[in-house]
Structure formats: structure tokens, C-alpha cells
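Numbering that gives the first Met the number 0 puts the first residue of the sequence shown at 0, with every later residue one more than the last.
It should be emphasised that the hints constitute simulated quantities derived from the structure, not laboratory data.
One or more hints might be untrue.
[Unchecked claim] Mimicking DSS-like on lysine-lysine, the simulated pairs with C-alpha atoms at most 30 Å apart in a straight line are:
id: 1; residue 1: K1; residue 2: K70
id: 2; residue 1: K64; residue 2: K75
id: 3; residue 1: K64; residue 2: K1
id: 4; residue 1: K1; residue 2: K75
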Amino acid sequence: MKRDNINAINAPQPRGGYSQAVSVENLQRLVFVSGQIPMTSDDVVPDGFEAQARQVWLNVDAQLKAAGMTKANIVKVTTYLADRNHVLANREIRNDYLGALAPAITVVIAGIFDSGWLLEVEVVAAQ
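Sequences and hints are given; from them, build the entire structure.
What follows is the structure, encoded as C-alpha cells:
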């Protein structure tokens with residue numbers, strides 16, 4: 000098994016002993032992208048749910064690009080929302096990003112690590 004840890008330089012750097020993404024190759028290639036947070040590479044958290052959600056997807060894109068993939072490779076999305084009132088806005092923004100792509104999706108209403116973050120998104124991509 001070949002394993003590569005991936006951390007895009009244009010997204011927040013990991014803190015706490017993890018990689019932003021892990022690539023595992025064996026007959027097929029899977030990339031597991033850690034939960035992406037609504038923070039820029041300059042450690043700025045945008046105001047409001049829509050801006051945070053769009054930043055999260057920019058960070059997902061950065062990790063996929065660092066792995067040599069695109070959103071077309073996403074096969075699984077897990078979204079953690081701090082508030083169920085954001086479910087519809089989350090769906091709209093996610094659908095804007097994914098377009099016609101229809102990966103498996105899970106949405107969980109949960110406490111988020113930082114109280115200023117309104118969501119976190121992790122993906123699995125395959126090639």
C-alpha cells in the first residue's frame with residue numbers, strides 16, 4: 000500500500016497531528032480529505048453561513064488539486080452543521096459547487112470544534 004499525506008499550501012495548515020488529506024493507492028486510488036473548515040489560508044473566518052460554506056468548498060478544492068484531483072473525483076461528502084437552520088442554504092451552496100455530480104452525502108447536526116465555525120465538510124475522492 001502506498002500512502003501520501005497531502006496539505007495544500009493555499010489552505011489552512013493542520014494543527015493537532017493530522018493531514019488535510021490522505022491518499023491511499025492499491026488497485027484504485029482513494030483520497031480522504033479531512034474536515035475542511037471555513038477559514039482562509041490567512042486564518043480568516045468569513046462572516047455568515049453562505050461565506051463560510053463557500054470558503055469550505057474552496058478549501059476542499061485546494062486539497063483535491065494538491066492531490067491531482069478535481070471535484071469530479073468526489074464520491075462521498077460528509078457535512079457537519081452547527082445549526083439545522085442552515086440545512087437548506089447548505090444544500091443550495093453544495094449543489095452550486097457539485098453541479099450534476101451526485102456523490103453519497105451525509106449531513107450531521109453537531110457541535111463544531113470552534114464555536115465560530117458554522118460547518119465543516121469532509122470528502123472522499125476516487126480515481
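For a C-alpha distance cap of 30 Å, please report whether K1 and K70 respect it. holds, 22 Å
For the pair we were handed, K1 and K75, check the Cα-Cα distance against 30 Å. Distance of about 21 Å is within 30 Å: holds.
Hey, K64 versus K1, does the alpha-carbon distance stay inside 30 Å? holds, 19 Å
Restraint status (C-alpha distance of K64 to K75 at most 30 Å): Given pair K64, K75 holds - Cα atoms ~17 Å apart, limit 30 Å.
The structure fails none of the hints (numbered hints given earlier).
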